[in-house]
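Top to bottom, those sequences are chains C and S. Heads up: the first sequence runs through residues 1 to 65, numbered per the working numbering. Heads up: the second sequence runs through residues 1001 to 1256, numbered per the working numbering.
If you're looking for bench data, these hints aren't it; they were derived computationally from the structure. Given the structure is predicted, the values throughout are model-derived calculations rather than measurements. A hint or two may mislead.
[Said to hold, decoys possible] Pulled from the structure, derived: some chain S residues nowhere near chain C, Cβ distances all over 10 Å:
| no. | residue |
| --- | --- |
| 1 | THR1007 |
| 2 | ALA1024 |
| 3 | GLY1052 |
| 4 | GLY1060 |
| 5 | ALA1085 |
| 6 | GLU1256 |
[As the list claims (entries may be wrong)] Rough simulated footprint, nothing fancy, chain C against chain S, three-plus residues with beta-carbon under 8 Å:
| no. | stretch |
| --- | --- |
| 7 | 1013–1020 |
| 8 | 1030–1041 |
| 9 | 1067–1075 |
| 10 | 1087–1098 |
Where a beta carbon is used, it is the ideal one built from N, C-alpha and C, also for glycine.
Single-letter residue listing:
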Amino acid sequence: MKITVNGAPAEITGATLAEALAELGYAQARVATAVNEQFVPGAARGGLALSEGDRLEILAPRQGG
Amino acid sequence: MPIFYGTEIASPLMLGTAQYPSPAVLAEAFRRSGAGVATVSIRREAAGGDGGAFWEMIEGLGLPVLPNTAGCHSVREAVTTAHMARELFGTDWIKLEVIGHEDTLQPDPFGLVEAARILSDEGFKVFPYTTEDGVLAGRLLEAGCEVLMPWGAPIGTGLGLNNVYGLRTLRAQFPGVPMVIDAGLGLPSHAAQAMELGFDAVLLNTAVAKAGDPAAMAEGFARALEAGRLAHGADPMEARDMAAPSTPLLGLAVLE
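Only chain C is shown next, with the shape it has when bound in the complex (with noise of 0.2 Å):
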């Protein structure tokens, strides 16, 4: 399915965000999720359908004063 990741399109074929995050090359990464501008915590990402043109945002630790 089409979906939106930080701003860009991209094609997954997993269905839920646990396994979106790990086909898009996230799976060990050190990052904070949301989708459709929804934080979504780590421990619901298993649980997390997603749907056709979802947003997801994908961050982690930067700088920042």
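Assemble chain S onto chain C, guided by the hints.
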């Protein structure tokens, strides 16, 4: 030393982690600053990105971290960012920024109070980036904040304390509330002035990171903060308009 939400920090300097020329320079600046808190943020991560490496470096500093919601212009953005930051950094501390204007980066006072209330109710320990407005400060305290972070000047300007009268009034209005001057500092003298006014700490980033020698500037800030802290505790003299001789007039020779 300052106590925020029951946690005492080792220094009144809260130092940002952005804009340094290299990770090594950042680490050296932190070492010489003796900073008590490191501020951090969250941003989009590319697959195979280096977020993990950055986090390992920050963990190596051995300091409490204060994640921010920098760049958020709405309550919803800020609240969601806070949730993501809490999971990533494992802390319920959040530097709450809800920006109201693109050019001045002035806080949106209405969104700030709303977001502060939501996050406080959810158990976050909110450090709101605010102005020197005393009414707004009162609203933030009512919303659950136990720390206030008024700006000295707009973020990244280095102008120092733009409204000394307003900051002094704010300090006097809420004497028991820990307050941090956040943003706008450019020189150690600005930090000393903040401490002389009775503020508990300062939060800065650009002034150190963009200095020609960040480590030296970091140490300069550390010394200035200590000077200001000592001065505030030493009950400074009252300023006056007219001159008053310090050398006694008694015994002055008559030579003409």
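May I ask which of the numbered hints given earlier this structure violates, with the numbers listed in increasing order?
Hints 3 and 5 are the ones this structure does not satisfy, whereas the remaining hints hold.
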